[in-house]
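Chemist: Listed below are the residues making up each chain.
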Amino acid sequence: MKKADMIASVVLLALAGYVIQDAWRMPPSATFGPSAGFLPFWLGILLAVLATILFVTNLKRETTEKDREAVFPGKKALFAITLVMAGLAVYIELIEVLGFLVDTFLFILFLVKVVEREPWRLTLTVAVSTTVVLFITFQILLKITLPSNMFGF
Amino acid sequence: MFDVDIFHNLILGFQVATTWQNLLFCLIGVTIGTLIGVLPGIGPTTGIAILIPVTFGMSATTAIITMAGIYYGAMYGGSTTSILINLPGESASVMTMLDGYQMARKGRAGPALGMAALASFIAGTFSIIMLTLIAPPLASYAVSFGPPEYFALTFMGLTLVSALGGDNPLKAYISAVVGLLVACIGIDAISGVARFTFDDANLLDGVGFIGMAIGLFAISEILVNIEEPMKQVFSDAKLGFMSLFPNLQDWKDSFGALWRGSVLGFFIGTLPGSGATLCSFIAYAVEKKVSKHPEKFGTGVIEGVAAPEGANNAAAGGGMVPLLTLGIPSGGATAVMLGALMIHGLRPGPMLFSTNPEFVWGLIASMYIGNVFLIILNMPLIGIWVQLLKVPYKVLMPLILTIAATGIFATDNNIFDMWIMFFFGLVGYVMRKLGFPAAPMVLALVLGRLVEMSLRQSLTISHGSISIFFNRPISGVLMVVALLSLFSPLIHSLWVRYKSGKEKDFTPSEW
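If you read the protein sequences in the order shown, they are chains Z and X. For the first sequence, this note's numbering assigns the number 4 to the initial residue and increments by one for each residue that follows. For the second sequence, this note's numbering assigns the number 232 to the initial residue and increments by one for each residue that follows.
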């Protein structure tokens, strides 16, 4: 945790630096009163101060037993998380190409079969029922036009 | 005069709440809430966030009735798994586990579940009565607030959320500051300057609230759950309806816990930043302190169930007070509700009581009705909820993920919002891992515009002097509270150093 906190504070300091210089360059107020850059500028300063405190307190404190535990999970769990997020990215990217029905069906198929390694019967049941329930809820009951593919579904 | 007003308003409220749509959606809301409470791995904040898009077809009143129902419904449901399988359905029920599960192991699962439901009902109803009495005068008082008061109020809300919301206030402050920065993204409402948009037209309107909330709460929750697969645990407790009723001795034992839990839960619950979880921790700790036999806590005493379960329900009602009267949420779940109401075009705050009485009173009346629904759902029908525990998370996960994604798309018909969800899902996961709480960030995004407008308006009025926040009595008091809570970590660490060497006391952060 100690090392992770110090890395986090460096990232936050960089973010604060970016915010401060960007806010500094925002145009001054044409009329009376604080300008558009006013709040971001001071928030940037505040963030820099807080990140510095986080860094310094972690630098000064003794390493405890808890610090030796890994912050992020092992390779297997990270792989599963990467799979889910990659699947989600592909799902978002393809939803207007494949249409809601096909895209959602394939995404759930991927989640249950590939990520969770369930048997085909459960996979298909979950994929079909979830897709149908979502379609009925949003498209039919709530009358929201969900994306469709070139064939119209 | 005043009492007559409240009476009239309540009648108006019940007229609104008993239309068939509102009754139906109140029932749907509390049912979903109970379900979310029962199922581990999905909490009320996530539940409300992913269901916001579904509420867009409804009127604002029906929408808030549904969302509030999910919130206090989850407080009922959460106790079931805590008691039966020693796994909290949501975080506000963690304390119920300590004695509830021990009672179940001694064969007293029935009275434990029954007391949890009855305590929830009693404390929940108490807190709605308090809400009915306290909210209107507070709102009429707050109508006179100007920009300095609003700035002081939002500032206090943000510092309290950060100071009370977790065990590392510094990280909570950082989370809040980053949230305020995210709120700055887009076109500045006063000067028209585009800020931090990275030349992307999608960001000119600012970062979509729903995408961010769902990403930070729901997606990150899914990712954490994937990483540690949940064990399937079943309970074989036989639960006849009659076995649910606590006996006379149980009532005697729980009486003190019930009223202390109700009062504590409500009043602490009204503080911005407290939330139901903290209230249940405090109620349990207090009960242990005042008990004649504190050593028995944790071995299955019924007070240990009644106090936290009462407190978390009272807190759900208490949290509505700042939300409705001041437009300041008390925690993550109410922040999400506030964001949803703003999308519905309502600006919760003191004016709401005079401009939209049917909305405010309809909600309050629906909470009385919802609590009656819940006691029915949770006493005779408890067996059904226990069966639902057999639904495995692997079925739930794709369902939550696709509801979230579809709902976000449905909000604006915009793929970009889904990417916002994706991005904040990753951010939220890293934040969870590093111990940065998400609630202050979401609260900051919801309140960001108000913080900035009131700050800049105040400074314009005062010609740039910050003394305006301290000269006016109300904003002065609020600022002092805010600054005290801001420096509370420092005061606390000095106190700990002073006490070091002595035996460590019970603190919620240990849990």
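One should not assume that every hint holds.
Derived CB-CB ranges, DEER-like [claimed, not checked]:
| hint | chain 1 | residue 1 | chain 2 | residue 2 | range |
| --- | --- | --- | --- | --- | --- |
| 1 | X | Asn644 | Z | Trp123 | 50 to 56 Å |
| 2 | Z | Thr66 | X | Phe472 | 53 to 59 Å |
| 3 | Z | Leu62 | X | Asp431 | 35 to 41 Å |
Everything labelled a hint here was simulated from the structure, so no lab data went into it. Ideal Cβ positions, reconstructed from N, Cα and C, are used throughout, including at glycine.
Chemist: Kindly confirm whether 50 to 56 Å is satisfied by the beta carbon distance between Asn644(X) and Trp123(Z).
Modeler: At roughly 34 Å between Cβ atoms, Trp123(Z) and Asn644(X) fall outside 50 to 56 Å, so the hint is violated.
Chemist: Could you check the hint for me, namely that Thr66(Z) and Phe472(X) are 53 to 59 Å apart, CB to CB?
Modeler: With Cβ atoms ~56 Å apart, the hint holds.
Chemist: Do the Cβ positions of Leu62(Z) and Asp431(X) conform to the proposed distance bound of 35 to 41 Å?
Modeler: holds, 37 Å
In this structure, only the earlier hint numbered 1 is contradicted, and the remaining ones agree with it.
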